[in-house]
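Participant: Residues per chain are reported as follows:
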Amino acid sequence: MSRYLSLVLAYTLRNRRRSGLTAASIAVALALLTVLGASYKALFQESETSPAEALRLMTQNKISITQPMPVYYEQHIRQVPGVRDAMVWQWFGGTYKDARDPRNFFARYVVEPAKLFNIISEIRIPAEQKLAFERERTACIAGRTLAARFGWKPGERITLTGDIFPVTLELTLVGIYDDPHDDQTLYLNYDYLRELLKSAGLQTDFVGVFIEQADNPDDVNRIADAIDKEFENSPAPTQTQPERVWMLGFISFMGNLKLFLVSICAALGFTILLVSANAISMAVRERIREVGILKTLGFTPGEILSLTMAESVLVALAGGAGGLALAAALCVLIQRSGTAFAGLNLSVTPEIALASLMAAAVLGVASSLLPAWQASRTAILDALRRAE
Amino acid sequence: MKIPITYNIRNLIVRRVTALMTAAGIALTVAVLLAVLALVSGLRSAFAATGKRLNVLVLRKGSTTELGSAMTREMFQDLLFKPGIAQINGRPLASLEMVTVVRLPVPDNPRGMSVTVRALLPAGITLRNVRLLGGRWFEAGRREVVVGKNIARRSPDAKLGGAIHFGRQSWQVVGIMDGGRSAINDEIFGDLNQISSDANRTERLSSVLVRAADAAAVPALIESFNNDQRLNAFAQTETDYYMRQTAAGDPLRTLGIFVSVIMAIGSGFAAMNTMYAAVSRRTREIGTLRVLGFSRGSILASFMMESVLLAAAGGILACLLILPLNNLSTAVGNSVSMSEVAVNFRVTPAILAAGLAYAALLGLLGGFLPARMAAKKEILTALREV
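Each protein sequence line maps, in turn, to chains A and B.
Each residue of the first sequence is one higher than the one before, counting from 1 in my numbering.
Each residue of the second sequence is one higher than the one before, counting from 1 in my numbering.
What the hints contain is simulated information worked out from the structure, not anything from laboratory work.
Possibly wrong hints are sitting among the right ones.
Selected chain B positions facing chain A (Cβ under 8 Å, derived; list incomplete) [what the hints assert, rightly or not]:
| id | residue |
| --- | --- |
| 1 | 62 |
| 2 | 63 |
| 3 | 103 |
| 4 | 106 |
| 5 | 202 |
| 6 | 259 |
| 7 | 262 |
| 8 | 265 |
| 9 | 266 |
| 10 | 276 |
Note that the structure is predicted; figures quoted are calculated from it, not measured.
We treat Cβ as the ideally placed atom computed from N, Cα and C, and that holds for glycine.
Could you put the whole structure together from the sequences, leaning on the hints where they help?
Facilitator: Right, here's the structure in full:
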């Protein structure tokens with residue numbers, strides 16, 4: 001075994017530049033494949049639903065998310081059996097600093113601070129910051145990644161100019177929270193928005209979305225039906241969905257993103273296959289005479305086949321490992337980029353890493369199959385005679 | 001003295017398998033970039049075709065989108081008296097409109113597709129470049145709608161004589177409209193009063209579209225809307241409004257460029273690999289060429305040329321791969337209107353040229369180091385090599 005190993009190593013290191021370039025090109029392509037895989041996962045199968053998430057439902061106007069509902073609905077919703085609590089979940093569009101720079105875009109939700117931490121129970125925040133958010137009307141809290149993006153520290157003044165709501169919010173950041181699912185959102189107090197709307201003489205009785213928390217995760221579908229039934233014949237009929245289904249609705253809105261991702265991955269996979277197959281066949285051709293010598297020394301065609309394939313797998317795995325490191329770096333880079341993709345919860349999880357390494361190994365085998373088979377079949381005399 | 005280009009072409013032909021595989025790798029890299037550029041170009045042309053220069057779109061001050069805007073009937077009545085609005089039969093050509101988004105069931109997406117519904121006055125139809133493909137326009141006071149041709153194609157219910165469901169009841173489809181290449185193809189039009197009362201929004205409407213009397217009147221009209229403190233409105237030309245929506249293509253373009261740049265690095269390494277192999281196989285040839293009097297410079301140029309040829313072959317292959325995509329359509333989400341637009345891939349000559357240039361650049365970058373190695377070889381050691 002060890003003599004094979006040293007042979008494989010010697011082969012791989014024989015033309016270091018080529019092995020290095022091949023591994024590098026596999027690494028780059030696999031890094032991209034890994035990032036795309038992570039995006040796919042983040043978009044379409046964002047982990048299993050967490051226990052806290054499984055309890056949550058979202059209610060919106062049945063016509064569309066852009067139509068508001070009367071705010072008094074909240075009282076009715078809380079009466080529905082099985083609903084532990086309900087809260088306003090209002091998208092505040094508007095602009096931060098210069099709207100023309102897409103990096104200034106982030107999610108901001110108007111919520112009820114006294115309920116937020118019970119309903120979104122994943123949020124972790126120091127007790128005194130939590131208290132400050134609940135107590136001060138103009139307070140807001142931001143996720144850690146979001147705060148890092150703008151270099152915000154508690155005490156930061158944040159001004160948001162509204163569009164849906166024609167008011168200007170002058171907020172003070174009082175806390176930075178952690179949430180494994182989403183730490184790129186800014187939460188602010190509904191009371192503050194109401195106050196501003198009232199003093200501007202504007203309507204205050206309408207909101208976009210309610211978020212509810214159920215007592216029991218098995219109950220969410222029943223509760224959704226019960227809530228919608230409650231408002232069936234009112235001026236604004238509702239549509240209530242489990243949070244996860246609601247989120248998926250937004251993703252499906254992005255069009256054929258799934259198809260894009262899959263076609264890009266396919267093109268990419270095929271490209272690396274070509275690249276590494278090419279490199280391996282160059283390697284085999286280069287030392288076809290040595291194959292002849294090995295054969296005269298008594299190596300069987302099977303051994304030659306496995307030696308060649310082992311070399312290819314080794315290079316591919318080296319590329320794969322480099323690719324994973326690169327992918328992890330790319331994920332961080334994307335989240336700091338401030339593009340539309342910064343909001344994706346990208347990370348190279350162990351499953352994705354394993355899948356990528358397996359892809360690398362399969363790639364190594366697949367790309368060397370033909371050249372290795374040709375090498376093992378070469379007749380000794382032909383191989384020795386080849387002058388190249 | 002220059003080494004003839006046929007030398008490079010013949011060399012590529014001799015190593016055709018390797019050359020083809022390298023070129024195919026480059027082709028796929030370039031093809032990904034081109035596909036995305038073609039999609040973004042289609043998106044741009046759809047929005048560019050939507051606005052009309054003489055039309056002025058009025059939103060509530062502070063709003064950037066029709067969806068986020070709230071115009072009242074009172075504001076509409078006030079702005080009708082501004083000078084510079086085109087008149088038809090003594091009445092100003094202006095349409096008060098309400099825009100909302102609904103979900104229509106479609107077979108290709110179990111969650112349905114998001115569609116913009118526009119409730120408008122009859123003048124709104126005159127204001128737009130839109131014609132009927134079949135049926136008739138909706139009548140005021142009836143629960144009737146006219147659907148864009150892209151919607152008619154995707155939704156089984158949105159057919160002439162069919163009925164679609166949104167809001168509180170169903171709506172009779174009485175016509176199918178064609179807005180050329182514009183985003184109107186992805187909208188549903190209906191009577192202002194019917195739809196706004198169904199949505200319980202008779203007072204809180206979205207926007208006003210007016211036609212300026214002539215091109216010279218446009219800036220003055222916009223100014224008079226924007227400077228009227230009491231009106232509290234924000235006006236812009238319809239063209240400007242839609243041009244800003246082309247930003248919907250930005251995430252796609254970013255994605256495409258990101259992917260293709262990274263793929264380019266990968267296939268650049270591959271091209272380098274191939275060229276290094278070519279150089280080391282031809283070491284003796286290089287020595288011979290030098291003996292014949294070709295300078296180091298010509299050797300460098302020749303290998304660079306070979307690399308560019310190889311990459312250009314990949315570029316041409318990419319163009320061939322991408323051409324069948326032309327006019328294929330796919331759905332793209334527009335975050336300004338919160339609804340889907342069907343976008344055609346538009347493979348323009350400029351895009352094809354960009355692809356070839358990109359491939360050539362790849363060849364130049366990948367070929368430089370190997371070519372330099374070839375040029376640096378000493379004659380004697382080169383000739384001695386087996």
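Participant: If a hint holds in the structure, say so; if it does not, say that too.
Facilitator: How the hints compare with the structure:
The closest approach between the C-beta of residue 62(B) and any C-beta of chain A is roughly 4 Å, which is under the 8 Å cut-off, so the hint is satisfied. Evaluation of the residue 63(B) hint against chain A yields a held restraint, the C-beta minimum of about 5 Å falling below 8 Å. Restraint check, residue 103(B) versus chain A: the minimum CB separation of about 7 Å is within 8 Å; hint holds. Interface hint status for residue 106(B): violated, as the beta-carbon distance to the closest one in chain A is roughly 11 Å, over 8 Å.
Residue-level restraint check for residue 202(B) is violated (minimum Cβ-Cβ distance to chain A is 11 Å; threshold 8 Å). Given hint, residue 259(B) at the interface with chain A, holds; its Cβ is 6 Å from that chain's nearest Cβ, closer than 8 Å. A distance limit of 8 Å between C-beta atoms decides the matter here; for residue 262(B) the minimum to chain A is near 5 Å, and the interface restraint holds. At a threshold of 8 Å, the smallest CB-CB gap from residue 265(B) to chain A is about 5 Å, leaving the interface hint in force.
Because the smallest distance between the Cβ of residue 266(B) and any Cβ of chain A comes to about 4 Å, under 8 Å, the interface hint for this residue holds. A cut of 8 Å between beta carbons decides the hint on residue 276(B): the least distance to chain A is about 6 Å, and the hint holds.
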